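Protein sequence lines, in the order shown, are assigned to chains X and F. The opening residue of the first sequence carries number 1 in full-length UniProt numbering; numbering runs sequentially from there. The opening residue of the second sequence carries number 1 in full-length UniProt numbering; numbering runs sequentially from there.
To be clear, the hints were calculated from the coordinates, so they are not data collected in a lab. Note that this is a predicted model, so its numbers are computed, not measured. Hints should not be assumed to be uniformly reliable.
What the hints assert, rightly or not - Just a few of them, taken from the derived set where beta-carbon distance is under 10 Å, the chain X residues facing chain F:
| # | residue |
| --- | --- |
| 1 | L30 |
| 2 | I37 |
| 3 | E45 |
| 4 | F50 |
| 5 | T72 |
| 6 | A101 |
| 7 | A102 |
| 8 | Q107 |
| 9 | P123 |
| 10 | I125 |
| 11 | L202 |
| 12 | V220 |
| 13 | G241 |
| 14 | V253 |
| 15 | V258 |
| 16 | I262 |
To be verified - Straight-line distance between alpha carbons at most 30 Å, and here's what the computed BS3-like set of lysine-lysine pairs gives:
| # | chain 1 | residue 1 | chain 2 | residue 2 |
| --- | --- | --- | --- | --- |
| 17 | X | K195 | F | K50 |
| 18 | F | K479 | X | K13 |
| 19 | X | K13 | F | K50 |
| 20 | X | K277 | F | K479 |
Said to hold, decoys possible - Ranges of calculated distance between the beta carbons of each label pair, as one might list FRET restraints:
| # | chain 1 | residue 1 | chain 2 | residue 2 | range |
| --- | --- | --- | --- | --- | --- |
| 21 | X | G143 | F | S540 | 17 to 25 Å |
| 22 | F | R491 | X | S63 | 23 to 31 Å |
| 23 | F | T564 | X | I31 | 28 to 36 Å |
| 24 | F | A435 | X | Q78 | 40 to 48 Å |
| 25 | X | T147 | F | N384 | 29 to 37 Å |
| 26 | F | N443 | X | V190 | 53 to 61 Å |
| 27 | X | P6 | F | L481 | 18 to 26 Å |
| 28 | F | Y325 | X | H109 | 48 to 56 Å |
| 29 | F | G210 | X | T147 | 19 to 27 Å |
Even for Gly, the Cβ is constructed at its ideal location relative to N, Cα and C.
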Amino acid sequence: MSGLPPYATVGQKAWYYGFRVICGLIFFFLIAPIAVIIPLSFNAEDFFTFTPEMLSLSPEGYSMKHYEDFFTNSEWQQALWNSVRIAPMATILSVSFGTLAAIGLSQPHVPFRRAIMAILISPMIVPLIISAAGMYFFYSRVGLQGTYWGVVLAHAALGIPFVIITVTATLVGFDRSLTRASANLGADPVTTFFKVQMPLILPGVISGGLFAFITSFDEVVVVLFVGSAGQKTLPWQMFTGLREQISPTILAVATILVTLSILLLATIEILRRRSEKLRGMSPG
Amino acid sequence: MTDATGPDQVTGATPDNAIRNADRADNGPVLAADGTPLKRSLNRALRREKTRALLLIAPLLLFILITFIAPIADMLFRSVENAIVEDTLPATVEALDEWDSATEELPSPDVFRALFFDLFVAAEAKEHTQLGTRLNYEQTGISSTFRSTGRGLDDIGELYQDVFEDQNELWEEADFWYAMMNAGDGAAAGDLLAAERARMAALTDEPKDGEIGFAPSATIASILPRTTREYTAFAILTALVEEDVVAEEEPWEAVFAALGLDLQDQSLRAGIEGYSGPGAAELQAALANVDSLPVVDYRAAFIEEDDDWGDPEVWRTLQTYSDRYTMGYFLNSIDLQLTPDGIQSRPEDEQIYILLFQRTLIMSMAITLSCILLGYPIAFLLANLPLRTANVLMILVLLPFWTSLLVRTSAWKVLLQQQGVINDILVWIGLVDDANRLVMINNQTGTIIAMTHILLPFMILPLYSVMKTIPPAYVRAAKSLGATDWTAFWRVYFPNSVPGIGAGSILVFILAIGYYITPELVGGTTGVFISNRIAYHISSSLNWGLAAALGSILLAAVLILYWTYDRIVGIDNVKLGG
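Same shape as in the complex, but just chain X (with noise of 0.2 Å):
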């Protein structure tokens, strides 16, 4: 694949470019629905295609009004502050709890490994229907149903596979003399950790808890079931939105989430780099 050789005859230089065509429009299939609902966020109209104004690319066509709307309406206010209220409490708890036993599990000699490992992955596996099914009849007898907390205990239970992913990951490369040497010039373990192992580690940490903030922060089938209407997420509001009544807000809340993550995955992309050249797994 890497160029044609020049004698390549006219079919396969037929299949080479053919083969390309079909990758583009492949790529274009994944690309092309996000990229659409950008420029239709901006429409003037409340209608979800492109008016002819827009497509003369003539200035009356656009507007930020659904921006406003978002910005101004109290409904998405208050669904963005809950989100904003629950995603970093729920990433909070899954990076410290997540961190830890990923270090617990990377030691040489743990029992039950596999079967530990089975447990805490359990809620990446487990379809999130049959999650949120669960806690809403188990949040419910315990009274945590309809609670904040309710909310940020499920969505830090379904973060945690990420953290333990992530840093059990950068820890395959950790060289474990670090801590050993570290001992011997007079270190207790608490300040081996945060001297030595975490600065190491930190690019995993920070990704995995990338991971979790995103989780939660897209999370609609369990805050559907766990919350209540006082914990209304955006994710949530988006959801009745499409289901009731459908208001081309959604599309300017789309078109934010959408630099949300393409900013988070800049910074995901330059933390994998960072940890692959500390840990000397890559040469650049």
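Dock chain F against the given chain X, drawing on the hints supplied.
Then chain F, alone, in the frame of chain X:
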């Protein structure tokens, strides 16, 4: 650590001392620095290391067990749990046990009488409609029978109450009743109180341990057992649910009915005549007038309230579902039904779950297949391009992966509508007539298109990581041995990439069969999955048992697939974002 770095003390555990000790103990086991045998010392170090690892894991494990595993276990439990019948109608269930459901005879009047007292308390606690709803899942119409009967029970009790109150107006006084029933300084019937607390706790699903300001007198409990039982139940609900003072409330009609039955009971006669506590005179006067009390035919009274009580079918359903645990929900979720005559299939027009499971499987397979078709070329291209170009193109795969699920679903909702972008373009090109715009949403097509888009990155990423490991020399070797491009790909490259297809397919399939949001928003009525039905039963129909049973079946399917995935790929190899 400190042992090894501390100052050398002549008597302490220094390597020198250890060697000297070892020299002294000739032929003994090899010793560690502190004089213990090396084997034991190593074991201890290993154990310490294991404990430390477990201590680090323990908080999270506990967290997950409480916030996640316990809810799942609760759901599994609810799928078979059926305590509501026995908790709401304990005496009825016991009495009904002897009834032979094969006959066309109705149960004995004793069963109806037990039902009166059980249902009266349940109606006071407002729990009888819940039981009606539960049994309505098994036989349509029972719900309204329970509701209408619940309203009419007072009439039966009033038959007795009116007679008592005509005899002596003291029977209307709350404090007269309280003085008679309460133990006060005398001996209390503690067992009876505890038993009634437990019965009320089971009925209302809440503990009933609070102070109620009443204890049944042991004397009165022995001479008026039925009355004491009902009055105690009345006292518990009055104090803990209504939050009223027991001594200030007139008892329920059922307490009068119980008193009437106690007075009519010949075996209790001697006890009442010999009674001398509070209310003795009134009791003995009532006993002398016992003939004026009505002899109620509970069976006729119930049938008068609602004809359905005269239908043996209702009683058969009640008997079939009186066990604390039932297979009923699981049978319902595969379109079967537990009937007194064994397991039967549900009526033709109520069979939906097998169809829904089939549809979920078929659509998940269609989605998996289209993900393979679209994902394979992309993964192949990325794996064979130079790393730098591949990394740039990878962003096009990762961006949708990172974008909010709802953003992608709303994008498809906007694109696929009849007045949406795709239809507009097709009309503009002239492929589609403006009058017959394509219906691509709220049906299976919509679900498959949107979910293929959403799950495609989960196919591409594992495929890509497997293809990266296939050495390019294999294909070159095949070509140099005379294979055409196609042969080299199909006979050499493709078999090497099969593990990637397997891993990606299982991942996509697991995710697809449990999907809820996207089918809910773009699936309409024909494009929905089993998960949408589960959500419906939790939030709309409130048939939680059925939701739990459907969820358990789905969970089992996912766990089997997950186990396969673990065997093929290994859960440790799950990678996120490349």
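These are the hints, each one checked on the structure:
1. Annotation: interface hint on L30 of chain X holds; nearest CB of chain F at approximately 5 Å, less than 10 Å.
2. Contact between I37 of chain X and chain F, as hinted, is supported at the beta carbon level, the nearest pair being about 5 Å apart and thus within 10 Å.
3. For E45 of chain X, the shortest C-beta to C-beta distance to chain F is roughly 12 Å, which exceeds 10 Å, and the interface hint is violated.
4. Hint status for F50 of chain X: holds, given a least beta-carbon distance of 7 Å to chain F, under 10 Å.
5. Because the closest C-beta pair between T72 of chain X and chain F is about 21 Å apart, greater than 10 Å, the hint is violated.
6. Taken as an interface hint, A101 of chain X checks out: its beta carbon lies about 4 Å from the nearest beta carbon of chain F, inside 10 Å.
7. For the restraint placing A102 of chain X at the interface with chain F, the shortest Cβ-Cβ distance is roughly 9 Å, inside the 10 Å limit, so the hint holds.
8. Because the smallest distance between the Cβ of Q107 of chain X and any Cβ of chain F comes to about 4 Å, under 10 Å, the interface hint for this residue holds.
9. Taken as an interface hint, P123 of chain X checks out: its beta carbon lies about 5 Å from the nearest beta carbon of chain F, inside 10 Å.
10. Satisfaction of the interface hint for I125 of chain X is found here, the shortest Cβ-Cβ separation to chain F being roughly 5 Å, below the 10 Å cut-off.
11. Here the hint on L202 of chain X is broken, as its CB sits about 17 Å from the closest CB of chain F, past 10 Å.
12. Residue-level restraint check for V220 of chain X holds (minimum Cβ-Cβ distance to chain F is 6 Å; threshold 10 Å).
13. Taking 10 Å as the C-beta cut-off, the interface hint given for G241 of chain X holds, the closest approach to chain F being about 8 Å.
14. Given hint, V253 of chain X at the interface with chain F, holds; its Cβ is 8 Å from that chain's nearest Cβ, closer than 10 Å.
15. Restraint check, V258 of chain X versus chain F: the minimum CB separation of about 6 Å is within 10 Å; hint holds.
16. Residue-level restraint check for I262 of chain X holds (minimum Cβ-Cβ distance to chain F is 7 Å; threshold 10 Å).
17. Proposed proximity of K195 of chain X and K50 of chain F is supported: the alpha carbons are some 24 Å apart, at most 30 Å.
18. Note on K479 of chain F and K13 of chain X: the hinted pairing holds, with a Cα-Cα distance of about 17 Å set against a maximum of 30 Å.
19. Proximity of K13 of chain X to K50 of chain F is assessed by CA-CA distance (about 61 Å); at most 30 Å being required, the pair is judged violated.
20. Annotation: proposed proximity of K277 of chain X to K479 of chain F is violated, straight-line Cα distance about 37 Å (limit 30 Å).
21. Range check, G143 of chain X to S540 of chain F: about 23 Å between beta-carbon atoms, so the 17 to 25 Å window is met.
22. Taken as a hint, the range 23 to 31 Å is violated for the pair R491 of chain F and S63 of chain X, whose Cβ atoms sit roughly 59 Å apart.
23. Against the hinted window of 28 to 36 Å, the Cβ-Cβ separation of T564 of chain F and I31 of chain X comes to about 32 Å, which satisfies the hint.
24. About 43 Å separates the C-beta atoms of A435 of chain F and Q78 of chain X, a value consistent with the hinted range of 40 to 48 Å.
25. Between T147 of chain X and N384 of chain F the C-beta distance comes to about 52 Å, which lies outside the given range of 29 to 37 Å.
26. Remark: the range hint 53 to 61 Å for N443 of chain F to V190 of chain X is upheld by a beta-carbon distance near 60 Å.
27. About 22 Å separates the C-beta atoms of P6 of chain X and L481 of chain F, a value consistent with the hinted range of 18 to 26 Å.
28. Checking the proposed 48 to 56 Å range against Y325 of chain F and H109 of chain X shows it is violated: the Cβ atoms sit about 42 Å from each other.
29. For G210 of chain F and T147 of chain X, the Cβ-Cβ distance of about 24 Å falls inside the hinted range of 19 to 27 Å, so the restraint holds.
Checked against the numbered hints given earlier, the structure breaks hints 3, 5, 11, 19, 20, 22, 25, 28 and satisfies all the rest.
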